[in-house]
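Build out the structure end to end from the sequences listed, making use of the hints.
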Amino acid sequence: MSRATQVAKLADREKTAGRLLKSSADKFYDPDIDIDWDAEIPADLHFHPEHRISLHGTELWERLTPQQRIELGKHEIASIASTGIFFEVLLMQMLLKQVYKHDPTTDHVHYLLAEIADECRHSTMFGKACKRFGVPAYGPRRWVKQLAKVLPVIGRGPSAYAAILVAEEVLDRMQRENMSDPALQPLIRMVNRIHVLEEARHVTFARQEVVQGMAKAGWLARHYHRLLTAFVSYFVALSLINPEVYRAVGLDPRQAWKAAKNNPHFQETIRYWGERIMKFLDEADLVGGPGMALWRRSMLLPA
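In UniProt numbering, the protein residues as written are 1 to 303.
Be aware that one or more of the hints could be misleading.
[Unchecked claim] Listed below are the simulated BS3-like cross-link pairs for lysine-lysine, each with C-alpha atoms no more than 27 Å apart in a straight line:
| # | residue 1 | residue 2 |
| --- | --- | --- |
| 1 | 145 | 261 |
| 2 | 149 | 22 |
| 3 | 131 | 145 |
| 4 | 15 | 149 |
| 5 | 145 | 101 |
| 6 | 128 | 27 |
| 7 | 101 | 128 |
| 8 | 15 | 27 |
| 9 | 101 | 149 |
| 10 | 15 | 216 |
| 11 | 15 | 97 |
| 12 | 216 | 279 |
| 13 | 145 | 97 |
| 14 | 145 | 258 |
| 15 | 145 | 128 |
| 16 | 279 | 261 |
| 17 | 216 | 97 |
| 18 | 27 | 97 |
| 19 | 15 | 261 |
| 20 | 22 | 97 |
| 21 | 131 | 97 |
| 22 | 149 | 97 |
| 23 | 216 | 101 |
| 24 | 261 | 149 |
| 25 | 131 | 27 |
For the record, the hints were derived by calculation from the structure and aren't laboratory data. Remember, it's a predicted structure, so these values are computed and weren't measured experimentally.
So this is what it looks like as C-alpha cells:
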C-alpha cells in the first residue's frame with residue numbers, strides 16, 4: 001500500500017470517528033436516569049415474542065401453559081441480555097487494546113473511548129433489567145466463558161471486529177423487531193430502543209474497520225480471519241440461549257436444548273437475526289473455506 005493511500009485511509013477513519021463522536025454527544029442515554037426501573041411489570045404482557053422463543057412449535061411447547069410460555073420468554077430474554085453483556089465485555093477489552101496502541105489525541109481513539117463508555121452503560125442496563133425481572137443473568141455456559149478468554153489475545157484486525165459484529169447485529173436485529181411490539185413489556189421495549197439507537201454507531205465504526213482491514217490482508221491473513229470469525233460466531237449463536245433457562249418451566253435442560261436446536265422455527269429465527277450481518281460478512285470475504293461447517297452448525301446459514 002502506498003504512503004498516499006495510507007494517509008487517505010487514516011483521514012477517512014478520522015472523518016468517520018469525528019462524525020460518530022458528534023452523534024454520541026447528541027444521542028446519549030443514561031439507564032439510571034432515562035429508564036423507570038420501578039415501573040409496573042404487567043402480568044399479562046410478554047418479555048419475548050412467542051414465535052421467537054426457542055421451543056415454539058415443538059411438542060414440549062404444546063405442553064406449556066400460557067403463563068409458562070411467558071415465563072420461558074422472560075428467562076430466554078435474560079439469557080440473551082446477559083450473553084450480550086459477556087460479549088460487550090470482550091469488545092471493551094479489545095477496544096482498550098486499540099486505545100493503548102494509538103495516538104490518544106486523534107478522533108479515532110476518542111471514539112473508541114466513547115464506544116467503551118456506551119458499552120459500559122449497555123451492560124449496566126442489561127444487568128439491571130435482569131435484576132428487575134427477578135431472573136438470573138445466565139450468560140454463556142462456563143466452558144464457553146473459559147474458552148473466550150483467548151479472544152482478546154488472538155483476535156486482531158478485521159476478524160476481531162467481525163466476530164463482535166455478529167453478536168451486536170444479531171442482538172440488534174432481534175431488538176428492532178421487539179422495540180415496537182405492543183405485546184411486550186414497556187421496560188423491554190425501552191431497553192431495546194436505547195440499545196438499537198446507540199448500537200447503530202458501533203456497527204458503522206466496526207464495519208468500516210472490517211472493510212479496511214480485509215482490503216489490506218494477505219492470503220494467509222484472510223484465511224485466518226475467515227476461520228476465527230466462523231469459530232467465534234458459532235459460539236455466539238449457540239450461547240444466546242443457556243439451557244438452564246428451561247428449568248424455570250420444569251423442563252429438563254438437556255432434553256429441551258436438544259429439541260430447540262432441532263426446531264425449524266428456532267433455526268429460522270437464528271437465520272433471521274443473522275441475515276443482515278451474514279450478507280455483510282460474505283461481501284467482505286469473511287465467509288468461506290474450512291469455517292463453512294461451523295457457519296452451518298451455528299444456524300446462521302442454511303444447513
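Measure nothing beyond the straight line between the CA atoms of residue 15 and residue 149; if it is 27 Å or shorter, mark the hint as holding. Violated. Residue 15 to residue 149 sits at ~33 Å, over the 27 Å cutoff.
Between residue 15 and residue 27, is the straight-line Cα distance small enough, at 27 Å or below? Since the Cα atoms of residue 15 and residue 27 sit roughly 19 Å apart, the hinted pair holds (cutoff 27 Å).
Next pair to validate is residue 101 with residue 128; report whether the Cα-Cα distance is within 27 Å. violated, 33 Å
Is the Cα-Cα distance between residue 149 and residue 97 27 Å or less? holds, 14 Å
Check the hint pairing residue 15 with residue 216 against an upper bound of 27 Å on the C-alpha distance. holds, 20 Å
Given the hint that residue 22 pairs with residue 97, does the C-alpha gap stay at or below 27 Å? Distance ~23 Å between residue 22 and residue 97 Cα, so the pair holds.
Holds or violated: are the alpha carbons of residue 128 and residue 27 at most 27 Å from each other? Holds: residue 128 and residue 27 sit about 21 Å apart, inside 27 Å.
Given the hint that residue 131 pairs with residue 97, does the C-alpha gap stay at or below 27 Å? violated, 31 Å
Just to be careful, I want the Cα atoms of residue 145 and residue 261 compared with a cutoff of 27 Å; is the pair within it? holds, 20 Å
Quickly compare the C-alpha distance for residue 149 and residue 22 to 27 Å and report which way the hint goes. At roughly 33 Å apart (the allowed maximum being 27 Å), residue 22 and residue 149 break the hint.
Are the Cα positions of residue 27 and residue 97 separated by 27 Å at most? Cα-Cα ~26 Å, so holds.
Has the given pair, residue 216 with residue 101, been kept, meaning a C-alpha gap of at most 27 Å? Holds. Residue 216 to residue 101 sits at ~19 Å (cutoff 27 Å).
The structure fails hints 2, 4, 7, 19 and 21 (numbered hints given earlier, in ascending order).
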